[in-house]
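Chemist: Dock chain S against the given chain D, drawing on the hints supplied.
Protein chains: 2
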Amino acid sequence: MANITIKRLAQELNLSIGTVSKALRDSHEISIETKRKVRELAAKLNYVPNPYASSLRKRKSKTIAVVIPEVADSFFSLAINGIEAVAQEKGYHVLIYLTHESFEREKGMLGDFKSGRVDGVLLSVSAETAENDHIYALRENGIPVVLFDRVREGVETAKVVTNDFESGYIAAKHLIDMGCANIAYFSISKSLLITNKRMEGYKKALEECGIVCEESDIIFCANDEAENFEIIKTVMSSSSRPDAIIASVEKLTTTVYLVCNELNIVIPRDVKVISFSNLVAASILNPSLTTITQPAFEMGKTAASLLCKALEKRSFVLHDESIILPSALNARNSTANL
Amino acid sequence: MANITIKRLAQELNLSIGTVSKALRDSHEISIETKRKVRELAAKLNYVPNPYASSLRKRKSKTIAVVIPEVADSFFSLAINGIEAVAQEKGYHVLIYLTHESFEREKGMLGDFKSGRVDGVLLSVSAETAENDHIYALRENGIPVVLFDRVREGVETAKVVTNDFESGYIAAKHLIDMGCANIAYFSISKSLLITNKRMEGYKKALEECGIVCEESDIIFCANDEAENFEIIKTVMSSSSRPDAIIASVEKLTTTVYLVCNELNIVIPRDVKVISFSNLVAASILNPSLTTITQPAFEMGKTAASLLCKALEKRSFVLHDESIILPSALNARNSTANL
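Taken in order, these protein sequences are the chains called D and S. Our numbering applies: residue 1 is where the first sequence begins, and numbers increase by one. Our numbering applies: residue 1 is where the second sequence begins, and numbers increase by one.
Looking at chain D on its own, in the form it has when it is part of the complex:
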């Protein structure tokens, strides 16, 4: 159920919002009879007065929330820099909220924003998020939301994304060009649109080249490093070991390298590795890492610009649109054909 607001009470009673507000504050301007009606309905609908929100409406918080799964991923630390560049220029505070890939936490955070703690929200959903209601609820409370990178289909707002399908295609095509025929795709979620789109691109490239994609070629990793180590170790120890890996998120890369080191599997001789990653250190890894590099800073900047525009101009509405900023392949030694 949506939060009961003063607006709702006013609608139900056919009174102005100001009258309801005054009645609730026991103003002498309001008749005893009206006060009684307002209080009865408020009690009936379980209306909770929120001084925090009401004072905020008078005094805008000038704050935007950035809700993301983690900060250890360099995509997000760069995107934050882009967001802050815009926010600082426009005079907004930026608060960073981490969901740690938990849908419950994400839902709790967005629920909390309804009180007026923030003016607007930039959201990149968790790996667990498989519904949109919590995002709708926020928008219904008049708080604009712009999605970026990890977006959800069906949410009618602006979304800033990269060309995930094409990038997955390019990654797989690059590995095929380097002579690989048994390419594994490592995902972290069955519901995340970006990893699914990358996977579709990868499948398309395989199909075009006449390579059959087996179900066992798609590996779903967890949200825990130690667990992922075991998952990847099992894959790399099997008799049908892949000759190439696409890591759909950055954090899987280090684990892939560590597993290969432990099993004496040499990258790129025995297995080639490509990762979706913005790691500055990619070029100094052993071997240097081939990446699909997202325009992280630009994506943050674009998302923040749209949100600020929606906050400042009443006439500007966030349409249901996708702004696509393309990624780039950076071929390095981890996919070299020796």
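Hints are computed from structural coordinates only; laboratory data are not their basis. Wrong hints could be hidden among the right ones.
Where chains are identical, the list cannot tell them apart; a pair therefore holds if satisfied intra-copy or between any two copies.
[Said to hold, decoys possible] Pairs of lysine-lysine, DSS-like flavour, derived with a Cα cap of 25 Å:
| hint | residue 1 | residue 2 |
| --- | --- | --- |
| 1 | K107 | K62 |
| 2 | K114 | K44 |
| 3 | K90 | K114 |
| 4 | K107 | K90 |
| 5 | K114 | K62 |
| 6 | K203 | K251 |
| 7 | K7 | K313 |
Modeler: What follows is chain S alone, placed relative to chain D:
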């Protein structure tokens, strides 16, 4: 000048806070004469009523702010995880604020907290911060502060640190043991206590071994990657090129490696490198990186536990104390004696 609070007005007028508050709200309970007095003083002292703060006092925000220079550094992303582990258990929201090494931004953020936006603050100061007034001002507003990692001397509160002096000593001693005699120390600030303490430890180790530390052995880097590349390139191109480098913060490491690659300087043969770093990828760099590894997660956890205790127990006061959690040397190939 400190913010004018209702408390201050009450003290000056020898009235209760409740009376002043009611007078300012034009309550019928207060005499016209008292209202006049209160308003005159409020006008004289430029008192600005703050509905946001007053509503918050009734309804605690259950929020703690984490003010840190950046999130790209793995120390901070791990420390945040430690902080959030405690906060979640205790039912607090965690907001992350990034200063990007700017004292002005840090000051602005702490000033903003005085309005009651957060209940308490965990602070790791910027590389520019060279005074304590902004921290005092927050505490005077009744908002507890716990410092961690990048602490300031003289601030009378709990500080969670690592053994920076000893770690600097151990780093330099390790390089001397590996046969180095011309060890450069790369810092990012003249005012940061942690990098200065690490430097003092480094100097002590040199002195003990009869190595003279020249002023030119201490290199101050900037807050800009491109600029640091040039600074480090100049050092590594000079005729008196060091045979070892201590990077006092993680972000300098990648730049050091990239400069060496460009100049065809081979680590560890031509120069040995040790970095203060929590990088998970340290062991998969080329060559693997020797690190002084801080107990980042534990430091975050300890700082958050102290702050939560101060927020929940009126009897618990944050004393002026330093809780020291020791770091560890992880020797890898970047300092190997070939």
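Chemist: Cα distance capped at 25 Å. Does K7 pair with K313 within a copy, between copies, both, or neither?
Modeler: Within. Shortest intra-copy distance 22 Å satisfies the 25 Å Cα cut-off; inter-copy 38 Å does not.
Chemist: Are the CA atoms of K107 and K62 at most 25 Å apart within a copy, between copies, both, or neither?
Modeler: both (22 Å within a copy, 17 Å between copies)
Chemist: From the Cα coordinates, with 25 Å as the cut-off, is the pair K203 and K251 best called within, between, both, or neither?
Modeler: Only inside one copy: K203 and K251 sit 22 Å apart there, 37 Å across copies, limit 25 Å.
Chemist: At most 25 Å between CA atoms: does that hold for K114 and K62 within a copy, between copies, both, or neither?
Modeler: For K114 and K62, the Cα distance is within 25 Å both inside one copy (15 Å) and across copies (15 Å).
Chemist: Is it within, between, both or neither when you check K90 against K114 at 25 Å Cα-Cα?
Modeler: both (23 Å within a copy, 22 Å between copies)
Chemist: Is it within, between, both or neither when you check K107 against K90 at 25 Å Cα-Cα?
Modeler: between (28 Å within a copy, 18 Å between copies)
Chemist: First find the shortest C-alpha distance between K114 and K44 inside one copy, then the shortest across copies, and answer within, between, both or neither for a cut-off of 25 Å.
Modeler: Cα proximity of K114 and K44: one copy only (21 Å, versus 37 Å across).
Hint compliance for this structure: no hint is broken.
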